[in-house]
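Chains as they are written, first to last, in the numbering used here: chain B, 507 to 668; chain G, 67 to 171; chain U, 810 to 1300; chain S, 2 to 617; chain R, -8 to 512.
Just so you know, the hints here were simulated from the structure itself, not pulled from any lab data. C-beta atoms are modelled at their ideal positions from N, C-alpha and C, and glycine is treated no differently. One should not assume that every hint holds.
To be verified - With a straight-line cut-off of 30 Å between C-alpha atoms, the simulated DSBU-like cross-links for lysine-lysine are:
(1) S:K342 to S:K524
(2) S:K342 to S:K613
(3) R:K312 to G:K158
(4) G:K158 to R:K105
(5) R:K378 to R:K312
(6) S:K342 to S:K127
As the list claims (entries may be wrong) - Cβ-to-Cβ under 7 Å is the rule here; a few derived chain R residues that face chain G:
(7) L47
(8) Y145
(9) A169
(10) F183
(11) D233
(12) D375
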Amino acid sequence: MSLEELAFLVLAVVAVGTGLAALLVRELVHTILWVSVFFVDLSAIYFLLEAPFLGVLQLGVYAGAVTVLLLFGIMVTRKRIFSRDAATGLGPVPLALAAVTFIFLVASVGEFPSAPTTLQVYDPSALSALLFGTDGPWLLLLGIIMMSGVAGAIYLVREGRE
Amino acid sequence: MTGLPVADLLVLSGALLAVGIFGLLTRRNFILILIAVEVAMNATILNFVYFAAFAPTAAGLSGQAIAVVLIGFAATEVAVGLAIVLALNRIKGTINVAQATELRE
Amino acid sequence: MFPVLSLVLATLLLGTVVTFVAGRYARWVALATSIVFLAETAALIWQYPGWPGYTSGAVPGFAFQESYAWIHLGWLQVNYTVGVDGISLVLILLTAVLQIATVVYSWEETRRPGPWFGLVLLTCLGCVGVFVALDILLFFLFWEAVLVPMFFLIGYWGGPRRRYASLKFFVYTHVASIVMLVGLLGLVFYSGATSFDYSSVYLAGHGLMTVTQTFLFLALFFGFGVKFPVVPFHTWLPDAHVEAPTGGSVLLAGLLLKLGGYGLIRWAVLILPLGFHEAQPVLFVIAFATIAWGSIVSLAQRDLKRLVAFSSINHMGIVLLAIALGSSLGLLAAVLLMFAHGVVSALLFMVSGSVHHTYGTRDIPSLGGITPSTPVLATMTMVGSLASLGLPWLISFPAEFTALLATWDGLAYWVLLPLGILVVTAAFYIWMMQRMLFGPPRGIPETVHDLPWFEAAGMGLLVALTIVLGVLPFLLVNLITSSPIAGFPGP
Amino acid sequence: MVLGLLIAVGEMLSPGTYVNSQFTWLHLAGSPGTFPNGVSLVVGTLVDPLSALLLLVVTVVGFLVMLYSIGYMHQDRGLPRYYAELSLFLAAMTGLVLSNNLLEFFLFWELVGVCSYFLIGFYYEKPSAASAAKEAFLVTRIGDVLFLLGIFIYFYHFSTVGPSGGWAANGFVFANGTAPYLPVVSGSGSTLLTVAGLMILGGAAGKSAQFPLHVWLPDAMEGPTTVSALIHAATMVAAGVYLLAITSVFIGFTSTDQLAIVAIGGFTAFFAATMAVVHPDIKRVIAYSTISQLGYMVLAVGAGFAMVGLYHLFTHAFFKALLFLAAGSVIHAIGTQDLFKMGGLRKSMRVTSAAFLIGGLALAGIPPFAGFWSKDDILGAVYSQLGSHPLYWPFFLLAFAAVFLTAYYIFRAWFLAFSGDHTRDPTLPHAHEGPWVMQVPLVILSAFAVVAGLFIFLPNFQALLLNGAGATGIPPVYGPTDLALSGISVGLGVAGIGLAYWLWGNGRVYALPEDSPLQSVRKVLLHRYYFKVAYDWVGLRLVYGISRGADFVDRYVIDGTVRGLERVFGSVSNGLRRAQTGAVSDYAGYVIAGLLGVFVLLLIVAPYLLSKMGGG
Amino acid sequence: MDASSFIGPFVPELLLLGAALLIFLLDVLGIRRNETLSTVAVAGTTLALLSVLGDLGFAPLSVFATLPANVIDAAPSTTGLYAFTSLGLIFQGIFLLSALLVSLASASRPSGEKGAPIFYGLLLLATVGMLLVAVATDLIFLLLAIEVTSIATYLLVAYHRREARSLEAAMKFFIIGALSTVLSFYGASLLFGAYGTTNLVAIGHATGAVGYPVLVLLGYGFLVAGLAFKVTLVPFHAWAVDVYDGAPSDVSAFLAGVTKKIGLFAYFLVFLGPVLYLRTVGGSSPFAGGPIDLGGTLTITLAVLAVVTMTVGNLLALLQKEMKRMLAYSSISQAGYMLIGVTIGTAPAITGATMQIFAHVLMKGGAFLVVAGVGALGVGPLIDDWKGLGTRRPLLGAAFALMLLSLAGVPLTVGFVSKFVLFSAAVQAQGYYIWLAVAGLLNSALSVFYYARVLKVMFFDTAPAPSTPPVTDALPAGGLGYGRAIAIGFIAVTIVAVGVYPQPILGAIQSAAQHFVVVGA
């Protein structure tokens, strides 16, 4: 087992573990902690996959902005920061649904070689060309989404008198 | 560089998706649901990234581009979700989705 | 050629629209429309050049044919094609007569006369459309278009349970139409017909395999059968009739049921001879069941309208039997009987309506001896009943006679069943008359007036027709036989 | 009517003339199968000896009854209706007689039926009248339906085997002397013919009130007496016999039919007479007598002597109308029909009394009155045919016995009504004769009742009968052929009169001892052999019961299924709606479940189905 | 590629974007009058609509055409993100029409409403997303375009930000929407993994070269489920009823009218390729020698979904007591009919489905607009609250009756034409497809029950004494307001006009569908 594989294995276990922990712990603030670890962990995986640009983005947007947003949300909606949430939906049915989904997904694993495959390495500049070029209005789209999202979100949370 | 096995990554993303779904189904706090969605979303982004990495040709680069866009999109989604959370919290005083069942048969 | 049939449809359409908005003058507009329509019908019959006869491998001809492109999508070629032959003309005549009778009968309708007369005209428009349509979509369109005004007629102007009855009528018959539509679509697409036109479908339909024809025929039969209605799919009818206003019942029994018979002949029997042949046993069983059931159940009815409704089922059963025979004699009988039943049942429903609002009830046992107080009404009742039970010199007889003769021709001793049922039919009418018209007066309010002039006029028209065509049936028969049923090759 | 009389007289004067004209009433489409040239139903007139005979009866009796009605009905409210219906009846009857084919015959046959229906129910306020009218219509309807089938069979039969186009062109036209189709008939399948004959017999039995469809006629006496006289004695009820006579050309070919007709006729003649023996109602006694006499006619036709039957029809029409009108005169005078309330009317109503006596004598078959000639003819005719089938014997004997009963019951009625000193019920008004319009018909009919039988000695009349017989293809028998037979029958008649005199004469009222074994017989007879009870039971209990049951099934089983379907959909709908909990987690669960469902479909179900379908 | 050639094809989108920005600008400037904003929105959508119609080759409007003729229905590129098909343009037209009608009707909303700029802005932005869906040829582009609409509509539903119902609806919409988004993108990622591209044409054309059939099937499975959210297929439908119910009725009109249609167009784009492959190549597996027949399995799956959707939708609507929920369930069942078109995948079937979509925009959109208007008149949410409305307000009643009859598929309405073409196409396809027609027709028969019931309530039942006086008579046109009255009137007239003579529209759709099928294959 190569070093990459070992690292990946560790990161993978951590990812699943933190993801689960984030969704299962009862303290909401702990959730935020776990989920930030989860985001960082994924960022590490991206670095491992030779996609440093994405790794950085993941760190910035997810581990940074999104985590802060979520924390902010929890703070605003809770009287006390360390309030608990009862996971009332815990039961065999959601577990079974999630498990079966997983089983179906793993069903396709057999089609791929279990031996390590060489990774493609891309030039980040090629990526930026792709993103900002005129061939694909990706960012334009993203812009529209953000515009409507932000405009609407502001409207929603504004304490306007009607 | 020796690289990584595709299958393992597939299992990882599958597991993350399952975790996200599980969380979505079990939690009643809107923010937690939001987090569950994000966990699943990360599984998706991970998929794009590693399929880009394992792509046989350079065309796979678009996978990374997609991942970038998705990260941006996910952030917007969280923002919108939070806006709804806050508005809901203001009106109903709770963000427990199990208590918002006024619209039903 | 001048588009006469479109003119007829346009007349009715225009009349309907104007009537709707005419308010107080609605009845005059409706009457004028009806008269013009009748005149046009008369002109059509007058000018009808006759039916050219069968040519091997060709489509039976139609007169006054018009065809305009409507929807052309390559795989879907729908035209506005109309045309008539003897069968359609006879039924159009029936429509014209019933329309004028209904309009006159309901002359003093006070609840929203505009929509009332408008819907009556619309119903007739739909029926005429069905009778002239020579394109599957056009046919289906008119077929369904009849449902809506009737739904409103029953639901708004009807009796106490009108809401339930109107819904039941609408849903039940619509389900049937849907099955029929499957059949019609199958007919087009499985036969490889190049368009929805009758001619194209006719030729292509004849070329289908027996199995396909049978399935299609049964689907079509279900659609038409519910309209007939045949046992056991008849239960919408008594409810609809009992709750419908008189004008609605008249149109329902007089015209709507005829659509089923017409459709079966035009779109199933003539197009799918092999399927028809395979399905014949089924038709016979159902026809016999309908005949017997309608009559026997009638006998137990206390409500005059329900009684007439079940007798309609019985008569339509005979129509079905006549069609099922698949002989040209049988088809002739079927059309003749449809006309006869249209007139007679309309008359009887008018009678029920008048009895109801003269005496405040239609319950036969609680009435008695109404003859002295309302002799005209009683006379109408008698003529209607006697005609309905098949008395010679009245319009039903030539039809029933022909039907039974055809049955003997086709089924020999099975004719005993409908013949025996004739006795039961006579029994319930005669018994009804004994209880209601004769005997010591019972259940008669203090002040009873005989029929108002307009009701009497409406009925009188039908009575006159009943007698005139009963004595001189050849007037109709010659017209009917001027159609593909003459020399119908049989299944 | 006058025209009819002229035709009849004309026919009388020049027997053997045929008037036949027709036009097509209904031309039905031809089809390649059975009727290659289509079917023509024609309407035409045919005057032949048979129709002339009946025409004479219809017109004469009709005229006299009309005349009589002026007096009899003068105080009735519905007079216009009465005359309208009566005129319609006469028109229809004339049409029936002049019809040149079975279909047209049927058309008029039904029309006279409905006139009869209206006239029986003339006093429609009386529930019994309304009920009687219904009964008459329905019972004859049964016969009519059978008749219709008979028509179909003839039609079908002849048009199938006939020369191409022959029947198709002529429809139902029957014998006009040459009978071109006769050879065809004789060579064809007799089963069908037998059935057809039986069907015709059924029709005739309905109209002529033959057993077992006889029940309506006594009840039909609810109508005005004039109607009874004209329709239910002289003309309409005889139409059945006439029908048998004109179709005897077909019927004659099958012995089964003949036997059936003989059986029904002979049995009815006796059976009806027995009921007349005990009945207290003057009109009903005469009505039973009518049934009985019709039985004789049927018997004659069955035995193969159609013209003999018609001969009896001819005479019977006069004396039976006479009896009815006389009875009507009595009823008109004292307002009751109960024989046991009458008595001694001979003094106050001399004309009526005499008329009734003449009628009675004619009925009883006492020479030289009309009935003797014709009835003896029948008996003689049947006697001559006894050898053709052993089963003729019992019916011949029954008919013979009926002669005795006939004489007895009619004279019982005469004695009860007219003999004695005074009415038995003192409350009855004082009797007096009606106005002249009522008396004149009585006198004229009395004259006919005396002489009508003697017509047979007129050469023209004889020729008429002979020609008629020729048309029917049956050899005629006329006049008393066997003196011994006549003697016995006259003797029986006289004995009957004697018995009646012994029991009822001079105002006597015979009371059957309470312990007599005959009491039970009397009871059965008074209840008309419980036939009416049985019919009512079948009609009301059985048919109506079945019908009620069917109605129940219709409402709750068939329509119940429809409504049940509604309910099923409704409950499924409600069940599905319960899944709509409003909880978003549940919805998310559905989404995931749906996702898994899609996986199952895509990865498991669909490949399986595709492998089943074979790649399609 | 220079800027003008990039801008050119996107004129309609840019027009809407501009209008949206203008509205936000006006908001900033303090101009928030409902009528003014409505006018801007109407103008923007109208111009865009004219442009689209011009592009479609509608001669009188050719001056508005912005697309070079050779771009439309050009041979598909296996690399691009977008392409202009005439079917897509038709869908754009449908979307724009709906947006136009909703904007028009919203002119009658209370003029003092605070959120008017947001309402119109989001409406226009959502429409932009729809327009982009209609030109997408790339899976990710498609999904993102859908997200444009989604995000905007989440917020539109929450537009009544003071109403718990509205927010609850938005919450549900958002959660299920987000979940579905994840599923869709996950499916897209799997397909990307399998094919190495997200271009739909390339994916559609990919044949036996792909060695991961299970992965592909899973990918498609995720897409079926994820997109089914938008199409409201059962069992992905549960949100829709609550959302339509809780959202402002005008928004419901927009949602029911068009947002599910982008899902359907997405279905066209994503699944038609494989399904068509099945039909054109004649049933041989795209995975040469592989164990799984993609086209066949997809067809069967979609067929099952279609039948389940229409049946369950109808059954749910059957006993529904609330008007909006009834209409919502009816929308769900209608989605099932439309799916038949994709399942069969022939040009006739696409024509039928597109026609059905067009019809549904009119009927359901119109119905919700009426509901909104009637709600403003003080009529409650229950169907029973509509008692006697038809006789009290004959014109409005007639218009609504027309929409219901059209939904029920009664002839001479556009609803009949669409169903007729659709089911004809199913029968025409023969084979097992006829059972789809049978199922659809039986369902439409079932649906008649609840439409007729509403008619019954409106016309046959007599209202109790008018409990509450009309809330507002301030608005012209009998309390509806001109904008709404015009929109409703236009819809009613169109329903009949197209129902009577559908040839122009059907012909256009048919030829577009033909091109589309060729492109897709």
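Against the structure, the hints come out as follows:
{"no.": "1", "hint": "S:K342 to S:K524", "verdict": "20 Å, holds"}
{"no.": "2", "hint": "S:K342 to S:K613", "verdict": "95 Å, violated"}
{"no.": "3", "hint": "R:K312 to G:K158", "verdict": "26 Å, holds"}
{"no.": "4", "hint": "G:K158 to R:K105", "verdict": "21 Å, holds"}
{"no.": "5", "hint": "R:K378 to R:K312", "verdict": "13 Å, holds"}
{"no.": "6", "hint": "S:K342 to S:K127", "verdict": "22 Å, holds"}
{"no.": "7", "hint": "L47", "verdict": "31 Å, violated"}
{"no.": "8", "hint": "Y145", "verdict": "6 Å, holds"}
{"no.": "9", "hint": "A169", "verdict": "5 Å, holds"}
{"no.": "10", "hint": "F183", "verdict": "5 Å, holds"}
{"no.": "11", "hint": "D233", "verdict": "4 Å, holds"}
{"no.": "12", "hint": "D375", "verdict": "16 Å, violated"}
Of the numbered hints listed earlier, those contradicted by the structure are 2, 7 and 12.
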